[in-house]
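K.L.:
Let's have the full structure, built from the sequences with the hints guiding it.
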Amino acid sequence: MIEIKNVTKKYGNKIAIEDVSFTVNDGDIFAFIGHNGAGKTTLIKSMVGIHDFDSGDILIDGMSIKDNPIECKKIMAFVPDNPETYEHMKAIDYINFICDMYDIDNETRKENIKKYAELFDMEDKLGDTIDSYSHGMKQKIVLISALAHNPKILIMDEPFVGLDPKAVFDIKEILNEMVKEGKIVFYSTHILDVAEKLCSRVAIIKNGRLIKSGSMKEIKGDKSLENVFMELEG
Amino acid sequence: MRKLYSLIRASMTSDMNIFKIRQKKDNKKNSFMFPVILSIFFMFAIWSYANMFFEKFAPMHLQVIVISLVVFLTSIMVIIEGAYKAGPLLFNCKDDQLLLSLPIKKRTILFVRMFKFYLFELLFNGLFFIPLIVAYLRWVEVIDWSFFLTSFLMLFMLPIIPIAIACVIGAIISSISSRFKYKNFIQIVLAMLVILFSFYLSYNMDFILNYIAKNATSINDFIIKLYYPAGVYIKLITKFNLFDLIMFILINCIIFILTIFILSIFYFKTNSRLKNINTSSNIRIDNLEIKSRPKISSLVRKELNTFFKIPVFIINSGFALVMYIVAVIGLCFKYNDTVTLVKDYLPDMVIDNHLSIIIFILISFASFMTSITNSVISLEGKKIIILKSIPLSVKDILMSKIYAALTITTIPILFGDIILFIRFRLSVLEMVLLVILSILTPLISHFIGLIINLKYPKLDYENSSEVVKQSTSSFLSVIIGMLLLIVSIYFISNLVNMFSSILLLLIFLIVYSLTDIILYMYLIKVSIKDFNRLSI
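So the protein sequences, as listed, match chains W and U. Numbered according to the numbering used here, the first sequence spans residues -11 to 222. Numbered according to the numbering used here, the second sequence spans residues 7 to 542.
Keep in mind the hints are simulated off the structure, nothing from the lab. Please note: incorrect hints may appear among the correct ones.
Residues of chain W clear of chain U, computed beta-carbon distances all greater than 12 angstroms [what the hints assert, rightly or not]:
1. T11
2. L163
3. D181
Derived DMTMM-like pairs (lysine to aspartate or glutamate); straight-line CA-CA distance at most 25 angstroms [as the list claims (entries may be wrong)]:
4. U:K301 <-> W:E184
5. U:K389 <-> W:D119
6. U:K535 <-> W:E6
7. W:K62 <-> W:D91
8. U:K297 <-> W:E99
Quick reminder that beta carbons are idealized off the backbone N, C-alpha and C, glycines included.
P.N.:
Quick look at the structure:
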């Protein structure tokens, strides 16, 4: 479970997120939506321990990310909005590096890397250096390395940007599989129709403040998520 | 013109902000003051040295020799180090895609990049030139307005010719290496060859100097023939002539513009070729190595991988280590020449009795002049989020960077030690002490580099040269390294006749151990907070 408790983060005098609270339960696919600059990435980076925050707390499976960052990070995987990798490395070396950081044994990593590389059509490209990849291929490498260590919680920032339709379809399948196993998928997105079909819960953020949060049904009622979002934004 | 102004402004704010301060407001003043104070300290040292030289030359009324020497040497320094950093500064930058897609001439892009290079070198030259001029004022009887006008203009003009030469050499290296499969490797080899050739040339200048001396009619004529900008400067401050001044300014401007025109001819092709990356190894996943490693070992491998993939990083960091090996070979094969050289600088030292101390000086040189860690945080760039999101303590992350740097420095230093131990007879205790010092001494440099880089990171860089050569962090580390080397040699020369070699090495071992412990404590207590504050 992820518990966001009254989190506030400022950049100098500017408030990026203010008093945000919500909960993500095990087995949820949680969509986090908001306009550009609403504070989505800031909150996500705080959740995965990249940013500090000024007040409040974020609990990952009951552990505070502030007090127990390493234990929290062990059960999480983060996919950033821009596929940041060590570009001079071969893809396989990068994935191995990430797996090493999560203490993944040889058998598990072999099995998972093979599984996800085949799924994303990357099985004969992992021997190349990442700087030779396209944006979408880099994104696939980040996804493979995130999934290779079987995270209990997968946090993604705009995961579908730059991916081909097949990869988007495959990711959706993987996410569904994960939640069936009781894992958590939390992601920010602007693609509202995908979120509407895929996610069980949703939170909408505007100017750093949470304006709506709940199950998808509660939030949208009979309308489409896009309509609800536009109304709230308007 | 408006385009050019906007372009310069944009690139200045994004990547030439070498004193960019990231810390909280209350820390801003302190963070800014440190480089300023260090620069003043450095300029004071240059001023003191200049006075020493002026004192020697003043009785013969040859103060101008000192000025021409400093101008000549700083220009040579700019050319040598510019030769390997100019390529990465001009080509294959992160903002290429943006700039090349805009309706701007390639010449304009080149101008902006050369201009940024110029500004940094202006700052660098100023550190030598300003104290030199201030010191000169003390040693001449008559000074008029023309001296100040000429010196002021020279401050801005002197970096131009060395930069133009460096850019041409850098562009040639980039152009040649871009045609090969292993571009980085070729770039490293060519840059190293240029540097080594420059050193070879400067050590074998007798013939050239003799030739010039024979054909020169006066000292001024000699200096002009040796290095035109230095000669003109001397001519102008001894006998001001407006025509010469205007000619000099014109020549510099023409050279700068001409360089841009020449480089722009093959800029686009070279840039495109450098971006070509060999792809499609088509190795099946079953044939790839999938193997687990301990976390720290994996992090160290990643650091080493970064180091060996960035030519400017290798050349910049590896230069002192290469010089160390050259010095070791020189000491082995040209022992008598070395003895004479050391006696010039440290007359009180009895070489045969203090051989281990000579080796220790060499180790100190290699260690303090090799600063790897001053760029390792900045080079993470936006990828810093990877390190910040992995389940590993910040202490382990930082120490892995230290271990990697130590691996890079210790292997060549220990290799040199072994050669010297085989060639010369040292006691076992001396050898043990030297081996330990070969680890403790570079460790100081690595701790300092990392602490400074965490204090002055530059994560939003456009190319690696900017981080490795033109960042506040690299600037401060180099100055601190030089100061540490000077202080070490000062203490060695003063203590060498008071203690036996073994005792002196033991004293340094204790002092360096304590320094390493203090720096380690600072890193894990204070610098960790700097790491946590990093954001992009």
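K.L.:
Does each hint fit the structure? Answer for all of them.
P.N.:
Evaluation of the provided hints:
With a least CB separation of 22 angstroms from chain U, T11 of chain W remains clear of the 12 angstroms interface cut-off, as annotated. No Cβ of chain U comes within 12 angstroms of the Cβ of L163 of chain W; the nearest lies about 19 angstroms off, and the non-interface call holds. Distance check for D181 of chain W against chain U: the nearest CB is about 29 angstroms away, which clears 12 angstroms, and the non-interface claim stands. Distance hint between K301 of chain U and E184 of chain W is unfulfilled; the C-alpha atoms sit about 40 angstroms from each other, more than 25 angstroms.
Distance check on the hinted pair: K389 of chain U and D119 of chain W sit about 14 angstroms apart at the alpha-carbon level, within 25 angstroms; holds. Our distance criterion of 25 angstroms between C-alpha atoms is met by K535 of chain U and E6 of chain W, whose separation comes to about 24 angstroms. The suggested pairing of K62 of chain W with D91 of chain W holds, with an alpha-carbon distance near 9 angstroms, which does not exceed 25 angstroms. Note on K297 of chain U and E99 of chain W: the hinted pairing holds, with a Cα-Cα distance of about 12 angstroms set against a maximum of 25 angstroms.
The structure does not agree with numbered hint 4 stated previously, though it agrees with all others.
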